[in-house]
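Novice: This is what each chain is made of:
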Amino acid sequence: MKKADKLVDAIGMIDDRYVEEAHDKTKKKFHFNLNWGTFGKIAAAACALLLVINIFPVLFHSYSKKDSAAESSYYSYDSGGGSYYAAPSSSYYDGAAYEADYMEEEAYASEPSEAPAPSPNTQAKSEETDIRQNKKLILTANMNMETQDLDSVLDTLSAAVKKYGGYFQRSSVNTRNSSRYYEAAIRIPAEKYAEFLEEIKSSGNSTYYSEETKDITDSYTDIEARLTSLKAQEAKVLEFYDKAESIEDLMSVESRLSDIRYQIEYYESQIKNYDLLVAYSTLYLNITETKVYTPVSTNFFARLGRSFVNGWKDFIGGIGDFVIDITYNIWTILMLAALGYGAYRLYRFIRNRRNK
Amino acid sequence: MDDNKIVELYWNRDEQAIAETSDKYGNYCFSISRSILHNQQDSEEAVNDTYLATWNAIPPHHPLNLSTFIGKICRRISLNKWRSQTAEKRGGGEVTVSYDELEECIADDRSIRETLDEQMLAETIDEFLATINETQRKVFVCRYWYFDSIEDISSRFHFSQSKTKMMLKRTRDKLKDYLIKEGVIV
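Chains as they are written, first to last, in our numbering: chain A, 1 to 356; chain B, 1 to 186.
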């Protein structure tokens with residue numbers, strides 16, 4: 001007989017509940033055993049979650065960038081300036097027509113200066129300038145740019161804004177994916193806008209441009225007419241004021257005069273506001289600092305390669321952000337882990353006491 | 001059929017009781033027996049012997065938990081069969097390994113007190129099992145009651161095999177200390 005026989009037989013006689021619980025298939029109790037392995041798994045899951053949280057916006061961003069890159073293949077830039085005002089609303093995404101326009105403009109620009117014959121484009125430009133002078137147009141434009149040296153571009157931008165008599169309505173520099181991102185709303189005198197645009201676009205790589213021209217001529221004329229009418233009314237009322245004989249008449253005339261003057265002030269402020277909007281074009285400018293410029297190409301494989309490279313850059317940027325996030329939250333994570341571990345030890349202590 | 005009704009059939013000496021037991025606990029008994037004997041034919045024999053032993057045990061017994069009652073009988077019969085086979089240099093498997101592991105609990109120059117009967121020893125082990133945590137207890141019972149393999153236990157509890165082995169080693173060490181402290185091992 002073996003030494004352990006008695007022990008084995010005694011184990012065979014242990015309490016039924018222990019025997020039952022060991023092979024209990026129906027009782028699916030949640031088992032949580034905190035050890036380094038579990039802790040590692042939880043940490044890995046938390047890291048993965050943070051990574052996803054960080055990477056998702058990056059992926060989303062790269063998708064947007066991809067879109068913009070695709071759009072930029074249709075992007076054409078009219079250096080003439082006058083054609084910005086060719087229509088109440090214009091966009092530079094109309095494809096071939098604008099591409100053709102662009103080519104013509106380029107050809108025109110490269111012609112020798114002594115060539116006297118005016119091209120159809122210059123005629124069109126002068127017509128457009130006439131239209132612009134007669135019409136009240138508010139120009140709003142959006143532009144995205146890339147640069148390898150943001151500081152230098154910002155210097156150029158500030159100098160250009162100053163040179164053309166404009167001003168910054170707002171501006172900010174942010175950091176995104178380990179690179180800087182500049183946003184600004186710039187107001188430039190409308191007649192100098194084209195020159196200004198020409199100057200700043202050469203300071204970086206333009207990837208997107210759109211503009212909208214709002215025609216307010218009708219409302220402007222209407223307000224002007226009302227203003228003329230109100231001023232005429234004011235003159236008439238003033239005549240009555242001089243001729244008033246009783247206090248009641250005087251009061252009544254004064255009240256009417258006050259109403260008219262209030263309306264005149266209101267319309268005058270509207271006119272001033274309109275004048276300001278017409279006099280100054282608004283450019284919403286976004287500049288991204290990048291290491292490599294986005295090339296303009298419709299070739300599928302070039303775009304594929306570019307997407308791959310951009311995706312990788314964004315991925316690396318995302319990892320960098322993730323590490324920074326982890327470092328930033330390290331004390332919170334450590335504290336939560338310590339609290340969780342303390343709670344677990346307490347739970348085990350209470351359970352062991354109960355079992356005893 | 002409900003366990004109480006099966007026990008009632010035994011008490012009424014109705015042979016249907018064995019059929020019902022076989023239907024309900026046949027596989028359970030066979031798995032216990034198979035873990036010990038590792039042989040289809042021997043296991044089937046042990047299970048049949050279990051039914052007979054149960055028939056003889058009820059009455060006078062009136063088990064509150066029929067499954068563990070039958071399981072214990074099956075385990076004992078299978079172990080006896082295994083012991084007789086071991087004497088003839090047959091058998092082996094998990095039971096041999098488990099035996100060797102449990103022998104570690106009893107140091108070379110010591111033995112379990114002669115005067116202590118199995119029931120008292122079982123009660124001491126019950127007390128010990130109450131001191132360890134649920135997982136350690138389950139793993140211990142799976143290994144030394146059911147004679148499950150390390151692989152089966154690891155898969156049941158989602159542990160690595162090394163973790164299971166380490167847990168069993170620690171539990172055995174604790175058991176040894178407990179048995180020495182209680183004066184079971186002298």
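Since the hints were derived computationally from the structure, they do not count as laboratory data. Just so you know, even glycine gets a beta-carbon here, dropped at the ideal spot from N, CA and C. Take these hints with a grain of salt, some might be off.
[Said to hold, decoys possible] Some, not all, of what chain B presents toward chain A, calculated at C-beta under 10 angstroms:
| # | residue |
| --- | --- |
| 1 | Glu20 |
| 2 | Asp23 |
| 3 | Gly26 |
| 4 | Tyr28 |
| 5 | Phe30 |
| 6 | Arg34 |
| 7 | Tyr51 |
| 8 | Trp55 |
| 9 | Pro60 |
| 10 | Asp117 |
| 11 | Ile125 |
| 12 | Ala130 |
| 13 | Tyr178 |
| 14 | Glu182 |
[As the list claims (entries may be wrong)] Subject to a maximum C-alpha distance of 27 angstroms in a straight line, what follows is the list of computed DSSO-like cross-link-like pairs (lysine-lysine):
| # | chain 1 | residue 1 | chain 2 | residue 2 |
| --- | --- | --- | --- | --- |
| 15 | B | Lys165 | A | Lys6 |
| 16 | B | Lys181 | A | Lys6 |
| 17 | B | Lys176 | A | Lys6 |
| 18 | A | Lys163 | A | Lys201 |
| 19 | A | Lys214 | A | Lys136 |
| 20 | B | Lys169 | A | Lys41 |
| 21 | A | Lys272 | A | Lys291 |
| 22 | B | Lys174 | A | Lys6 |
| 23 | A | Lys41 | B | Lys163 |
| 24 | A | Lys41 | B | Lys165 |
| 25 | B | Lys81 | A | Lys6 |
| 26 | B | Lys169 | A | Lys6 |
| 27 | A | Lys231 | A | Lys201 |
| 28 | A | Lys236 | A | Lys214 |
| 29 | A | Lys6 | B | Lys72 |
| 30 | A | Lys163 | A | Lys231 |
| 31 | A | Lys313 | A | Lys201 |
| 32 | A | Lys243 | A | Lys231 |
Novice: So, for every hint listed, does it hold in this structure?
Specialist: Hint by hint, here is what the structure shows:
1. Glu20: Since chain A brings no Cβ nearer than about 19 angstroms to Glu20 (chain B), farther than 10 angstroms, the hint is violated.
2. Asp23: violated, 18 angstroms
3. Gly26: Status violated, d = 15 angstroms.
4. Tyr28: holds, 8 angstroms
5. Phe30: The hint is violated - Phe30 (chain B) has no Cβ within 10 angstroms of chain A, the shortest such distance being about 13 angstroms.
6. Arg34: violated, 14 angstroms
7. Tyr51: Interface hint status for Tyr51 (chain B): violated (18 angstroms vs cutoff 10 angstroms).
8. Trp55: violated, 20 angstroms
9. Pro60: violated, 17 angstroms
10. Asp117: Where the cut-off is 10 angstroms and the nearest Cβ of chain A is about 9 angstroms from Asp117 (chain B), the hint holds.
11. Ile125: Interface hint status for Ile125 (chain B): holds (6 angstroms vs cutoff 10 angstroms).
12. Ala130: holds, 5 angstroms
13. Tyr178: violated, 12 angstroms
14. Glu182: Violated: closest Cβ of chain A sits about 13 angstroms from Glu182 (chain B), beyond 10 angstroms.
15. B:Lys165 to A:Lys6: holds, 23 angstroms
16. B:Lys181 to A:Lys6: holds, 18 angstroms
17. B:Lys176 to A:Lys6: holds, 14 angstroms
18. A:Lys163 to A:Lys201: Holds. Lys163 (chain A) to Lys201 (chain A) sits at ~15 angstroms (cutoff 27 angstroms).
19. A:Lys214 to A:Lys136: Distance of about 8 angstroms is within 27 angstroms: holds.
20. B:Lys169 to A:Lys41: Status holds; Cα separation ~25 angstroms.
21. A:Lys272 to A:Lys291: violated, 45 angstroms
22. B:Lys174 to A:Lys6: holds, 18 angstroms
23. A:Lys41 to B:Lys163: holds, 16 angstroms
24. A:Lys41 to B:Lys165: Holds: Lys41 (chain A) and Lys165 (chain B) sit about 22 angstroms apart, inside 27 angstroms.
25. B:Lys81 to A:Lys6: holds, 16 angstroms
26. B:Lys169 to A:Lys6: holds, 20 angstroms
27. A:Lys231 to A:Lys201: With a Cα-Cα distance of about 46 angstroms, the restraint between Lys231 (chain A) and Lys201 (chain A) is violated, given a limit of 27 angstroms.
28. A:Lys236 to A:Lys214: The given pair, whose Cα atoms are some 36 angstroms apart, is violated under the 27 angstroms limit.
29. A:Lys6 to B:Lys72: Status holds; Cα separation ~15 angstroms.
30. A:Lys163 to A:Lys231: violated, 39 angstroms
31. A:Lys313 to A:Lys201: Holds: Lys313 (chain A) and Lys201 (chain A) sit about 25 angstroms apart, inside 27 angstroms.
32. A:Lys243 to A:Lys231: Status holds; Cα separation ~19 angstroms.
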